[in-house]
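K.L.:
What follows is each chain in one-letter form.
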Amino acid sequence: MDINRRVFIGLAGGCAGAIGVWGVRGLLETLGAPAEDRTPGWPDLKEMWTPSVCRACPAGCGIRGRTVDGSLVRIEGNPLHPINRGGLCPKGLAALQLAYDPDRPLTCGVRSSELGPGRPLRALPPDRGLELLSGRVQAALAARGPQAVAIVEGTGPSGTSLIAHDLARRLGLAGAWSHDPDAGLKLALLSTQGVSSPPACDIARAETVLAFGAGFLEEDGSPVRRALDMADLRSHTEGRRPQVVVLDPRFSMSAARADRWVPLRPGTYGSLALAVAYVVFKENRHRAAFLRDWSEGLEDLVLPDGSRAAGYLRMVMERGIPETVAQETGVPVDTILEIGKQFATSHRAVALPSREVTRHENGVRDAALIHALNALVGSLDVPGGALTPASAPLAATPGDPGIPVPGGNPAGNAEGRLLDIAQGRHPVPDVLVLVEAEPEEWPGTAGVWSELRDRIPFVATVAARPGPSVGDADLVLPAATYLEAWDLWSGPSPVGSPVVGVECPLLPPPGDARPGADWLLDLSRRLATGEDGAPPWNDAEEHTRYRLRGLFEARRGTPFTEDLEEEHIRHLEERGWWVPTHDDPESFLQEVIARGGWWDPYYRHKQYGRILRTTSGRFRFPSESDPPASRKAVSFSDPREQALQLSVFPVLAFMGPGGAELPWLQQNVDLFGRTSWQPWVEINPRTAADLGIDDGTRVEVSNRRGAFRAVARVFEGASPGLINVPLGYSPSSRGRYARGRGGGMYSLLGRKRDPTSGLASMSGTLVRVKAV
Amino acid sequence: MTRWGMVIDLDRCNGCRACTVACMAENNIAPTAPDQAAMGRTISWMEVIPQVQGSYPDLRARFMPRPCFHCQNPPCIKVCPVKATYVNDDGLVGQIYTRCIGCRYCTNACPYAAKYFNWFEPQRPPGAESYENPDVSCRSAGVVEKCTFCHHRLQKAREKASLEGRPLRDGDYDTACAQACPAQAITFGDLSDPRSRVSKAANSNRAFKLLEELGTDPSVIYLSEGPWHGPRIAAHHG
Chain B
1 MDINRRVFIG
11 LAGGCAGAIG
21 VWGVRGLLET
31 LGAPAEDRTP
41 GWPDLKEMWT
51 PSVCRACPAG
61 CGIRGRTVDG
71 SLVRIEGNPL
81 HPINRGGLCP
91 KGLAALQLAY
101 DPDRPLTCGV
111 RSSELGPGRP
121 LRALPPDRGL
131 ELLSGRVQAA
141 LAARGPQAVA
151 IVEGTGPSGT
161 SLIAHDLARR
171 LGLAGAWSHD
181 PDAGLKLALL
191 STQGVSSPPA
201 CDIARAETVL
211 AFGAGFLEED
221 GSPVRRALDM
231 ADLRSHTEGR
241 RPQVVVLDPR
251 FSMSAARADR
261 WVPLRPGTYG
271 SLALAVAYVV
281 FKENRHRAAF
291 LRDWSEGLED
301 LVLPDGSRAA
311 GYLRMVMERG
321 IPETVAQETG
331 VPVDTILEIG
341 KQFATSHRAV
351 ALPSREVTRH
361 ENGVRDAALI
371 HALNALVGSL
381 DVPGGALTPA
391 SAPLAATPGD
401 PGIPVPGGNP
411 AGNAEGRLLD
421 IAQGRHPVPD
431 VLVLVEAEPE
441 EWPGTAGVWS
451 ELRDRIPFVA
461 TVAARPGPSV
471 GDADLVLPAA
481 TYLEAWDLWS
491 GPSPVGSPVV
501 GVECPLLPPP
511 GDARPGADWL
521 LDLSRRLATG
531 EDGAPPWNDA
541 EEHTRYRLRG
551 LFEARRGTPF
561 TEDLEEEHIR
571 HLEERGWWVP
581 THDDPESFLQ
591 EVIARGGWWD
601 PYYRHKQYGR
611 ILRTTSGRFR
621 FPSESDPPAS
631 RKAVSFSDPR
641 EQALQLSVFP
651 VLAFMGPGGA
661 ELPWLQQNVD
671 LFGRTSWQPW
681 VEINPRTAAD
691 LGIDDGTRVE
701 VSNRRGAFRA
711 VARVFEGASP
721 GLINVPLGYS
731 PSSRGRYARG
741 RGGGMYSLLG
751 RKRDPTSGLA
761 SMSGTLVRVK
771 AV
Chain Y
1 MTRWGMVIDL
11 DRCNGCRACT
21 VACMAENNIA
31 PTAPDQAAMG
41 RTISWMEVIP
51 QVQGSYPDLR
61 ARFMPRPCFH
71 CQNPPCIKVC
81 PVKATYVNDD
91 GLVGQIYTRC
101 IGCRYCTNAC
111 PYAAKYFNWF
121 EPQRPPGAES
131 YENPDVSCRS
141 AGVVEKCTFC
151 HHRLQKAREK
161 ASLEGRPLRD
171 GDYDTACAQA
181 CPAQAITFGD
191 LSDPRSRVSK
201 AANSNRAFKL
211 LEELGTDPSV
221 IYLSEGPWHG
231 PRIAAHHG
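Residue numbers (my numbering), protein chains in the order written: chain B, 1 to 772; chain Y, 1 to 238.
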């Protein structure tokens, strides 16, 4: 080879990458250098790819981790996973920084008041920590019974959640309290269909999508899957182009990709849903056959005391009049009629209630009214409509029959229960065990946690990240991140079919950290009374494998596989056939683990027997006998007071816990591109001009409950009279990249709660804004 | 002769920045400190440029991922005094960090603002040495860096194909951003192969090239339904 300068430079540049892969030893070998000339001590780099599940948010996308010489150097999407199909959002990609966070807790420690002010953490061996905790739990139970102990878990629809609930049951508690962002949506379906699941809206096959509230691309279900569905809708080239309408106070990422954005006042979604129903009835587009055969609640109800409550039909006709709703929501009458007619006349229309709908005073009720639209036009459990996710056939807990559903009872959600304690409606426990849960970061409990914490004698936290609880818990048990533990993931799937992702450890947990499941199982064994008291699993891996055996015994579905094979399996199951892929459970488990999980590709539509589990077996339309529908919106600006209404919105980067602790996410948090490393607020240009605030001005947002500071962004996508504030900033995080970078907006929220879910309302809060 | 290129479908892109973060993770891009970010010095080899048009409530928005365009007639190589940047046989515009003297002529010459200068030594978070990609060298203060179309992946793909005794196939070599995109908005491959996915995508009637009139002949092609007025891509970083 004729080596000139250009070739030399090219080789040198190429070698820079090659050396990284092979190591110098490998390079020397390639160039023919004898072994004895190789520099001793250079490692032979061993590369491995391992499938697992992302738990950066409740979606549970499939991932693959690349480790080189024991270090995790890349996370990418698992192309076989049916939900994300190889794609991955910024949170999942940035999780490398989660595993190597310099501030994550790695040492088991205890705090004692005897150690003086500031309550420093004193290291102690993990076994001593568990001994201390089990002693406290036993003493509390002996003194006051089950009400003395509470377990709060924030692990999502995981195997660890099942173990937490199992532990609670063994201790005689009513259950663990799960932090569940979908609690409101689940309760909405519980009231209408008798099933505890959020709806899985099949937007990929819909003709018209009415998305109420922010964030089907930012937070609901699976943002990755929704991104793919939306992209496919946009690429639709045959026939009538599907239309997506987003109804939200803010021009969100979802609104930006939709065909139409309709701003409305925060918290008025239910009213708008009634107006759409009004148009459907007026246009005579309701599905009479479905309503006759599969629904109830349209007619007025006679209550036990003899009084009458308006049924759904009368409620719609009296309260859904477009002119009235226009006054309440701020949406023009013409717009209401247009979207109502569009929804009514579409062949396949679906109304999508988001989590944000449930985050205000009558949110569960409003979500039920929105979901009722799907039943009204016959879009329940049909292609392009609202599907009801099926539970995966995981193996049941011994002695507790029934399909285990991770996540617990939405009515017993953690945020609601802690608020009950703060407001004196529930006894204060003597021992509180937090399992990957940070109440100080939840909107409803952030403002009350500090005071509540001081009333609980002993708080133990099992924490993988440097959240606020690590800073003030009495006992810290460091947990492995999801990248370092065995677990399974089986949440309500956005595709309707049951999906189980298998989480495999990509690297070992450092220091004293153990999988959260292992801490709980160890605690459970220490607290066991009698031979049957101990859990039947020794560790997280054993528990995961145990649950997965249920999939083999269910004799349906398949380990994740490629498109063609999926289609083949779907084709067979549709015709009542199923071909087993493995003869024995062990080889089946190996395949499931090797591919990242299992699912059943065939979703059986119109299974009303499965999806309608009310007492009557019918869809129950909301009526006036339920908790009240949307109250009149708070006047959302008061020029005399110069008060604006606070409107919170989710951001994709911070949707799951701990996003603000990761530098790559801090840098890419504002999708409209202008702010990084600090919180911001968005103000409409006219409103900003009225207040004398320019773009980039530092402002203080305050009311009588508190204040926080942020940079103001003048944004056309903000509705007049509102101030949009992003969720996810935590002022109490112990991570160096989140600490001191804003937050504190939750303390400004009022104390109103949804009467069904118990979740705090995030609408109706008035604030003042001034430049500082 | 291969010509590696990319087609980005703006009608599919939702601006989520998965491509940006995937690129950061793949190419060992250190996070930019807050004070430097405030000065517009954030290094994003794959930057997503939002554009919002209209006024409340009649708005529309679009997000434009912008990597290096690997032009076939790149202005940057013409101004480099030390030949630290060049077009290689694969049609990729390379950047040789060890030759770069940091004059920033190329940064200023690039009409797409795709080149970034390291004003300071990159401040990597503690622990970053554990998760850095061993296939990609880290840059230091005083040199310019930019998107490489994940050239290191091409080397690995070629090695794998060679070991398996077959030619390189469409899909063997993919960039980190294309692989990560949840909306499958980015297609990458050999533009000179008419059978490749990227060639077929580039033949769309929605295709256009940014600032094509400058004669740079970029290897990144955008797809968009509506008229594209294009944001002014000013050199907003130092």
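No lab work stands behind these hints, which were simulated from the structure alone. Check the hints yourself; a few may be wrong.
As the list claims (entries may be wrong) - Listed next, with one range per pair, are the computed distances between beta-carbon atoms: (1) B/L564 <-> Y/R166: 17 to 23 angstroms; (2) B/E542 <-> Y/R124: 47 to 53 angstroms; (3) B/R241 <-> Y/P81: 49 to 55 angstroms; (4) B/D69 <-> Y/G165: 43 to 49 angstroms; (5) B/G511 <-> Y/E121: 36 to 42 angstroms; (6) Y/G215 <-> B/L564: 54 to 60 angstroms; (7) Y/R60 <-> B/R556: 18 to 24 angstroms; (8) Y/E121 <-> B/R144: 55 to 61 angstroms.
What the hints assert, rightly or not - Below 30 angstroms or equal to it, Euclidean Cα-Cα: the simulated DSSO-like pairs (lysine-lysine) are: (9) B/K46 <-> Y/K156; (10) B/K606 <-> B/K282; (11) B/K770 <-> B/K752; (12) B/K752 <-> B/K341; (13) Y/K160 <-> B/K46.
What the hints assert, rightly or not - Chain Y is nowhere near these chain B residues, computed Cβ spacing over 12 angstroms in every case: (14) D103; (15) R104; (16) M230; (17) S235; (18) P685.
Note that the Cβ used here is the ideal one computed from N, Cα and C, for glycine as well.
K.L.:
So which of those numbered hints doesn't the model satisfy?
P.N.:
2, 4, 5, 6, 7, 12, 14, 15, 16, 17 and 18
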